[in-house]
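Undergrad: Protein chains in written order, with full-length UniProt numbering: chain A, 1 to 287; chain B, 1 to 287.
Be a bit skeptical, because a hint or two may be false.
Since the list can't tell identical chains apart, any single copy or any two copies may satisfy a pair.
Straight-line C-alpha distance at most 16 angstroms; calculated EDC-like pairs for lysine to aspartate or glutamate [what the hints assert, rightly or not]:
#, residue 1, residue 2
1, K206, D275
2, K191, E285
3, K246, E189
4, K187, D219
5, K246, D37
6, K271, E199
It is worth saying that the hints were derived from the structure and are not from the lab.
2 protein chains.
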Amino acid sequence: MSRHRKPGWGEPAAEALRVTSTGPIAEFDAESTPGFDGDKEFGETLLAERGQVLADLQELLYANGRAGDNRSVLLVLQGMDTAGKGGIVRHVGGLVDPQGLAIKGFGKPTEEELEHDFLWRIRKAVPPAGRIGIFDRSHYEDVLPVRVHNLVPESEWSGRYELINEFESELVAAGTTVIKCALVVSKDEQKARLTERLERTDKYWKYNPGDIDERGFWDDYLEAYQAIFDKTDNDDAPWHLIPANKKWFARLAVCELLIDALEKLELNWPKADFDVEAERARVAELD
Amino acid sequence: MSRHRKPGWGEPAAEALRVTSTGPIAEFDAESTPGFDGDKEFGETLLAERGQVLADLQELLYANGRAGDNRSVLLVLQGMDTAGKGGIVRHVGGLVDPQGLAIKGFGKPTEEELEHDFLWRIRKAVPPAGRIGIFDRSHYEDVLPVRVHNLVPESEWSGRYELINEFESELVAAGTTVIKCALVVSKDEQKARLTERLERTDKYWKYNPGDIDERGFWDDYLEAYQAIFDKTDNDDAPWHLIPANKKWFARLAVCELLIDALEKLELNWPKADFDVEAERARVAELD
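Chain A on its own, in the form it takes in the complex (with noise of 0.2 angstroms):
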């Protein structure tokens, strides 16, 4: 295989891949590889790979924060039902070292969290310094199933868009790269995962009869999905379509898209905080 920068990629994933130039997500193909010129059997080595320019840009990150630089990486993911969150959380983020890692999963708001705004929880689990979090789920739930619902009245969902932007470029303000993902299955994909789900008895704690409710309102969803393209893609925080169809495309992508976000930090070992020869010549001199 010969090697050039991005292999594989025709053009890099953060643009094939970005909302802008996938066009509407309802007529977005969940079976396409965006960008991608190989097959699965390609697409695998290559995570293999690229799994390692990751974790060494993981580590160059960490080691960054640990020497006082404030910057990190959030990566949000949204998607239906079965599109493969926990998947990617488990195949990427299993890439590189957990202690340099920051996830959190926000599931159905507990009371507590219900009684401050909908973006208090989701302060509280930024990523500190150095490390990359990951947000299954997010502050995204609070205009997707909440619009789709109407959980709160439109008066008030229809004025988060905004706070969201506000609070990402607080984020990206203070030296955090966002990044946003949405998963995208197709519905015939949907279908065969929920049936592999009753089929097997290591995956029963994975279904949610509430899931089939849910696809009753897929093109509700679709509609919620295309209002955040729409009012909260912008360059600081770019949102972008993952094809889910393919599990092992959407970790290849998903992986891209995290190791260019890290080559743009242009990363440099830190300098050390010591004199290094009186170092060295200290633990030269141990018995």
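Given chain A, put chain B in place with the hints provided.
TA: What follows is chain B alone, placed relative to chain A:
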């Protein structure tokens, strides 16, 4: 390679490495591989295999946690500087789904932490149901450097062993399996690792001049560790000595201890909390 229940181990790691078997830390050989009769090559191959076993057990624990089982596992890591605690988190923690981990490092206490009793920050970090918690340093810091340097009066630190035992008993009663590991390097190996950190610019960030100062208290630390083993090792929250000169062995040993703890939970896949046949029918009817 023939397959038996614990390949490579003449006796279970949990027994061979238990402080009651290994003898005093002052006479412990950091180069040894108690209970294990393989070399590095075999050990590394075995770790990859056993890592898959660990990952499967971790998923089972997680699934049960999601289904309402309150059990969890807590791995407490202590060790001299350079002993490789971080490497254990990376290479053993890295074998499982990072979502299933709750990793917490304990550094010098903050001002806020010092305003509370020493267990306050610890209690906040205990693993939730279904998780494997890893403490990189722990409440034992409060009877290790604190004791060696009398950072609080002896009358205060000497009472902590009993408080620790009570705390750990509570944890166990609440469903947490507690495994405690002290990683041991020899003085020669520590010197070699410190030297290496000063030879490579990508290792500078791991070097702390204070480590050399602490090395001056080596024998005091051995005494403080021995006091921990004598006062806080018990069948519910056992201490293990992990010889850490051979990194591959330390990782394999800790992996085995985790597998052993998880196997003892005798976990099965959670039963469905829904009517499987009815749900199969619903899914089959989806368009």
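Undergrad: Any hints this thing doesn't respect? Which numbers, in order?
TA: Failing hints: none at all.
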